[in-house]
Structure formats: C-alpha cells, structure tokens
Amino acid sequence: MKIPRIVVGAALALLLGLCPAFAQERSDIPEKYTWNISDLYPSKAAWDQAREGLAGRLGEMGAFRGRLGQSPQTLLKALETREELYKEIERVYLYASMISDVDTRDSKAQAMMQSAQKLENDFATESAYFVPELLALGDKPVAEFLRKEPGLASFKPVLDNILRQRQHTLTPAEEKIVARTAAITGAPRSLYTIFTAAEMPFPEVELSDGRKVRLDQAAYGLHRASPVRADRMKVFQTFWKTWQDYRSTLGLALFNHVKTHVLNKDLRGYESSLAAALDSYNIPTSVYRQLIQDVNENLPTLHRYLRLRQRMMGLEGIGYEDLYAPTVKAVEMSFTPEEAMKLTLDSTDLLGPDYQAALKRAYDERWVDWMPTPGKRSGAYSTGAYDVHPYQLLNYNGQYDDVSTLAHESGHSIHTYLSNKNQRYATSDYSIFVAEVASTLNEDLLFHYMMDRAKDDETRLYLLGERLETFRTTLFRQTLFAEFELAIHEMVEKGESLTGDTLNKLYLDLARRYYGHDAGVCSVDELYGAEWAFIPHFYYNFYVYQYATSLMASSSIAAEIRQEAAQGSTRARDAYLHMLSSCSSRDPVDLLKAAGVDMNTSAPFKSAMREMNHIMDQMEAILDKSASANR
Numbered sequence: 001m002k003i004p005r006i007v008v009g010a011a012l013a014l015l016l017g018l019c020p021a022f023a024q025e026r027s028d029i030p031e032k033y034t035w036n037i038s039d040l041y042p043s044k045a046a047w048d049q050a051r052e053g054l055a056g057r058l059g060e061m062g063a064f065r066g067r068l069g070q071s072p073q074t075l076l077k078a079l080e081t082r083e084e085l086y087k088e089i090e091r092v093y094l095y096a097s098m099i100s101d102v103d104t105r106d107s108k109a110q111a112m113m114q115s116a117q118k119l120e121n122d123f124a125t126e127s128a129y130f131v132p133e134l135l136a137l138g139d140k141p142v143a144e145f146l147r148k149e150p151g152l153a154s155f156k157p158v159l160d161n162i163l164r165q166r167q168h169t170l171t172p173a174e175e176k177i178v179a180r181t182a183a184i185t186g187a188p189r190s191l192y193t194i195f196t197a198a199e200m201p202f203p204e205v206e207l208s209d210g211r212k213v214r215l216d217q218a219a220y221g222l223h224r225a226s227p228v229r230a231d232r233m234k235v236f237q238t239f240w241k242t243w244q245d246y247r248s249t250l251g252l253a254l255f256n257h258v259k260t261h262v263l264n265k266d267l268r269g270y271e272s273s274l275a276a277a278l279d280s281y282n283i284p285t286s287v288y289r290q291l292i293q294d295v296n297e298n299l300p301t302l303h304r305y306l307r308l309r310q311r312m313m314g315l316e317g318i319g320y321e322d323l324y325a326p327t328v329k330a331v332e333m334s335f336t337p338e339e340a341m342k343l344t345l346d347s348t349d350l351l352g353p354d355y356q357a358a359l360k361r362a363y364d365e366r367w368v369d370w371m372p373t374p375g376k377r378s379g380a381y382s383t384g385a386y387d388v389h390p391y392q393l394l395n396y397n398g399q400y401d402d403v404s405t406l407a408h409e410s411g412h413s414i415h416t417y418l419s420n421k422n423q424r425y426a427t428s429d430y431s432i433f434v435a436e437v438a439s440t441l442n443e444d445l446l447f448h449y450m451m452d453r454a455k456d457d458e459t460r461l462y463l464l465g466e467r468l469e470t471f472r473t474t475l476f477r478q479t480l481f482a483e484f485e486l487a488i489h490e491m492v493e494k495g496e497s498l499t500g501d502t503l504n505k506l507y508l509d510l511a512r513r514y515y516g517h518d519a520g521v522c523s524v525d526e527l528y529g530a531e532w533a534f535i536p537h538f539y540y541n542f543y544v545y546q547y548a549t550s551l552m553a554s555s556s557i558a559a560e561i562r563q564e565a566a567q568g569s570t571r572a573r574d575a576y577l578h579m580l581s582s583c584s585s586r587d588p589v590d591l592l593k594a595a596g597v598d599m600n601t602s603a604p605f606k607s608a609m610r611e612m613n614h615i616m617d618q619m620e621a622i623l624d625k626s627a628s629a630n631r
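Its first residue numbered 1, the sequence shown is counted upward by one per residue in this note's numbering.
Hints are computed from structural coordinates only; laboratory data are not their basis. We treat Cβ as the ideally placed atom computed from N, Cα and C, and that holds for glycine. Don't take each hint at face value.
[Said to hold, decoys possible] Restraint ranges, calculated between C-beta atoms of paired labels, are given here:
hint, residue 1, residue 2, range
1, E144, K87, 25 to 31 angstroms
2, R361, D48, 28 to 34 angstroms
3, S626, R361, 43 to 49 angstroms
Can you build the whole structure from these sequences, using the hints too?
Following this line, the structure appears as structure tokens:
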C-alpha cells in the first residue's frame with residue numbers, strides 16, 4: 001500500500017492575514033479549493049459496493065495455492081490476480097483515508113478506515129503463501145518461466161525483488177501469522193494520529209496585539225513565524241509545554257511503535273531494524289550512516305547560516321524560537337492559490353510541455369484540497385489511485401513557503417502520474433528515496449525562477465534566506481530526525497526502554513549539538529526536548545533521511561537541467577523524466593545513478609554544501625553593500 005508523502009513543516013493555517021487559523025468550516029470552503037473524490041467512487045454507496053465486492057473476491061488468491069510452479073501461465077495468472085486485487089484494495093483504502101483526513105473527528109470515516117484496513121489485512125492473510133511458495137520454486141525454474149512466457153517480462157522486477165529477499169522470508173504459515181498482526185502493529189501510529197489531531201487539548205495564548213489564539217498545531221505553524229519576538233517566545237513556551245505534559249503517553253506510543261520494527265527485524269533475521277527497513281528497496285545501510293556522518297562533519301556550515309540569520313534579524317543572540325521568523329522585515333510576500341498555481345506551472349517550464357500539461361490538468365480538475373479546517377489532518381501529502389489520478393492534501397497559508405509546498409507536492413503528483421502512465425501497477429510504486437527527488441527538484445526550480453525575477457536586494461535576500469531554510473530543515477533537521485530515529489531503534493534492540501523523559505533527553509542532546517548550543521551559536525531551551533513528540537514521521541519506518549538524500553540529488557540534477565537548457569540541450573531533463581517514469585522497475589540507487597547522481601558517495605552532499613555556502617556568500621555581499629551604503 002502506498003503511504004502518503006507527508007511534508008514536515010507544511011503550512012497549517014488559512015491565508016495569511018485573512019482570518020485566524022481554522023476559522024472556516026469545510027462547508028464554507030469554495031468547491032474549487034477541495035479535491036474531487038468522486039473520481040474514485042461516485043458515492044459512499046458505490047464505495048461500499050466495491051468494498052463488499054472485493055471482500056468476496058479475496059478467495060481468488062487461494063486458487064493458486066500450491067500451483068505457482070505448475071506452469072508459466074499459471075504463475076502469470078496468479079501475479080495478475082494478486083496485482084488486480086491489491087490495486088482495487090488500495091483504491092478502497094484511499095477513499096476512506098481521504099474522507100478521514102479532511103476531518104479526523106469523523107467517527108464514520110474512522111469506521112470506514114477500519115473496514116478498509118481489515119480488507120487489506122484479510123488480503124495479506126489470503127496471499128501470505130505467495131512469496132514463500134515462489135521462493136520454494138528456486139531461481140532457475142523462475143528464470144525458465146520468464147524465458148517461456150513473454151507476459152511475465154513486466155513482472156520481472158517484482159520477481160527479482162522477491163528472490164533477492166529469500167533469506168528474510170518466512171514459511172507460509174509464519175507469513176500468515178505476521179500478516180494477521182498488521183492491524184495490531186499499526187495501533188501506535190493510529191492512536192498518535194487521532195490523539196494529536198482531534199483530542200489533544202491545546203491552551204489559549206494572548207498575543208501582543210491582544211488577540212487570543214487557541215495554540216493548536218495550526219496556530220503554532222502560523223505564529224511561530226511572528227515578527228514579534230515576545231510572541232514567538234510565548235508561543236514556543238506554551239506550545240511545547242503542552243507536548244511536555246503528554247510526554248509519558250506519547251513516549252509509550254512511540255516505544256510500542258519501535259518495538260514492532262524490532263520484532264520484524266528479529267522475525268526476519270535482519271541485523272538491525274535499519275537494515276530491515278531499507279532492504280525493501282535494496283538501499284544499503286551505508287547510505288544512511290554516511291549521511292549522518294557527512295552532516296555531523298559539516299555542522300559548521302549550519303552554524304554559519306545561524307550566525308547569518310542572527311545578523312539579519314539584528315539579534316544579540318539567536319535561539320530556537322527565532323528559526324522560523326522572517327529575516328527580511330521589509331518584504332511581505334503572500335499569494336492566492338491561483339497565483340501559487342501559476343508560479344508552480346511557470347517555474348516547471350524547463351521540464352517540458354508534457355510535464356506542464358499534466359500539472360495544469362491537476363489544478364483544473366481539482367486534484368488538490370487546499371484549505372485547513374477543523375479536524376483536518378495537518379501537513380501536506382500527495383497520494384493517488386492507479387486507475388484514477390494523484391491527489392494532494394494541503395493546509396495552505398498563502399506564504400511563499402506554502403507555494404513551495406505546492407510545488408513540492410506537485411512534484412510527487414506528476415511523479416505518480418508518470419509512473420502510472422508508464423508502468424503496470426506492480427512496478428508503479430517507488431521508494432521515498434526517489435520520490436523526494438521529484439518534490440525537492442520542483443522547489444529548486446521555483447526558487448531559481450523567483451530569483452531570476454526578483455527586482456530588488458530585499459526580495460533576493462528573502463528568497464535566498466528561504467532557500468537556506470530549505471537546506472536547514474530538509475538536510476540538517478531531517479538528518480537530526482534520522483539520527484534520533486536510529487538511536488531509539490538501537491536502544492530498543494539492546495533491550496532498553498523508551499520513556500518520555502529518556503526521549504526528551506536524547507532529542508535535546510541532539511538538538512543542542514546540531515544547533516551549537518554549547519558553542520553559543522543557537523540556544524535550545526530544555527523544554528524543546530519534547531519536540532520529538534510532535535513529529536509524525538517517527539511513526540513511519542526510517543523515512544525522514546530520504547528528504548535529506550533527495551535534496552542533495554535534486555539540487556545536482558536541477559543544476560544540470562538548467563545548465564543544459566541554456567545550451568539548448570534536454571539530455572539531463574530527459575534522463576530525469578525517464579527516472580520518474582521508471583519507478584520500481586529498477587532499484588532506487590541505480591535509478592539516481594542513471595540520472596547522474598551516485599548516492600554511494602559523499603559527492604552529492606559536498607555539492608549541496610557548495611551551493612549552501614554560495615548562497616550565504618551572495619547574502620553577505622548584499623548585506624555588506626547595504627551596510628556600506630548606510631555609513
């Protein structure tokens with residue numbers, strides 16, 4: 001099942017300056033700003049009919065039990081049946097999850113989710129024999145079947161991946177038991193989502209202008225960027241005190257989630273939870289560990305940026321509370337959804353007319369759900385159903401960051417569109433390792449498009465600062481998360497427990513090291529050690545590091561596309577689009593290498609650091625020029 005691609009730090013409030021966060025009910029939002037889920041099913045009744053029909057078809061998989069080696073044609077039919085059922089179950093699941101995501105308080109939607117999850121679990125149980133039985137055939141018979149039956153050719157990547165993981169596959173009976181535990185192992189994540197989105201109590205805070213704001217996640221996302229430092233301090237202290245108060249409950253949820261990963265690692269005979277998570281897409285664990293090492297060795301570059309931010313904000317000392325505030329007070333940039341769509345379309349011109357035509361269709365045909373409303377899932381993601389089209393969930397706030405988020409999610413959506421257009425369902429999925437290249441490359445294109453059209457130094461400073469923030473939040477912050485995630489898994493693998501207090505200490509130590517607290521670069525209050533509890537990505541499975549690796553890859557590819565476009569060449573662009581269209585027909589590391597980036601080395605990271613330092617050089621030159629003129 002494809003999981004939603006969620007963006008950390010996505011906008012969480014209504015259009016800037018129009019009204020307080022979540023002031024509008026969903027019924028008040030114009031239809032053009034809501035997604036059209038009738039493309040999935042015309043009605044709830046049609047969804048019920050599809051779900052019930054699928055429940056009656058799950059037994060079709062049983063017809064192939066013990067027969068996979070009977071003939072090449074039988075194996076092909078089994079693969080086609082497995083693919084068809086999985087595809088339709090994903091569509092049923094997606095419809096239910098999308099209804100739930102626009103109002104997580106809706107108990108009927110939750111019931112729909114549960115019934116869809118049961119369908120998925122029942123299918124996993126019915127087909128649990130498939131992989132072990134296929135492995136029992138052996139590599140040579142499978143190769144012979146591929147030679148004799150041309151129809152199996154498009155399934156070769158699937159078969160190769162199954163055979164590759166032979167030593168970590170259990171017996172049919174054991175796989176069936178594991179499949180039946182899926183509903184239980186997913187409980188910590190479900191509980192976290194419901195509690196933090198719908199039931200967690202948030203306090204009210206009074207801002208310096210007299211406004212009283214309920215400081216939920218949406219309001220925090222908006223007011224942490226306040227230009228008034230006293231308000232930022234109050235917002236941070238109040239918001240993180242709330243998460244601190246629930247650290248024991250949320251710590252227990254995360255502990256139990258990590259235990260499910262350790263259980264899977266033990267059952268399947270992996271050396272670590274990290275190895276188990278990365279093996280699904282054949283990504284070496286060395287890529288993960290190299291990233292952490294590269295980032296830690298280059299923390300001085302982050303610290304250079306933090307000192308630059310301090311200079312631009314005119315502060316005597318910078319703190320964690322200052323990291324989201326504007327650095328250029330004179331520049332006010334806000335955008336309507338229509339302006340955001342035009343900017344995203346125009347900035348992707350280098351990717352060619354077919355790419356832009358697909359993106360325009362996404363905007364014209366309501367593939368996007370824009371506005372935050374009460375109970376709506378926070379953040380942003382792109383997902384989709386194979387036979388329909390992609391969808392995007394946003395919480396649009398009207399700031400430049402929100403335009404960048406639209407570009408980001410649109411990158412995911414067109415990646416999905418191209419994969420579904422060029423691959424059969426069985427090979428249409430893709431690793432986040434590659435997916436986040438598609439999204440962050442669009443952010444890169446948007447940044448350079450805006451820079452080329454900036455009319456003054458203040459706007460250039462703003463845009464350059466936003467780009468630096470992308471490096472901080474995507475490269476450094478996500479790697480901090482990745483190091484935290486690795487540490488908590490290694491602790492549980494050693495038999496240690498995770499509590500709210502131990503998680504607070506671990507996270508605080510990492511945050512202070514990354515942000516140079518002890519060196520006097522950026523102060524990190526002890527209270528902010530509770531930030532781990534706020535990050536939903538820790539309820540995935542070694543997910544966040546791919547944001548960082550993808551930013552390195554996308555900045556390199558985008559630079560090549562721009563350089564070649566200036567020379568009238570489309571080689572780099574064509575290689576990139578071919579990568580988006582190839583999906584899981586090849587391993588992710590190989591896909592990126594074919595597109596010109598070798599993730600087995602530190603070269604992409606070094607390239608990113610050169611770009612980051614070049615941006616800071618430009619900013620310092622502008623600041624020095626301004627200071628000289630004002631003397």
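C-beta pair E144, K87: status relative to the range 25 to 31 angstroms that was hinted:
28 angstroms, holds
Whether the CB-CB distance between S626 and R361 falls inside 43 to 49 angstroms
At roughly 44 angstroms between Cβ atoms, R361 and S626 fall inside 43 to 49 angstroms, so the hint holds.
Range hint compliance [Cβ, R361 to D48, 28 to 34 angstroms]
At roughly 29 angstroms between Cβ atoms, D48 and R361 fall inside 28 to 34 angstroms, so the hint holds.
The structure meets every hint from the earlier list without exception.
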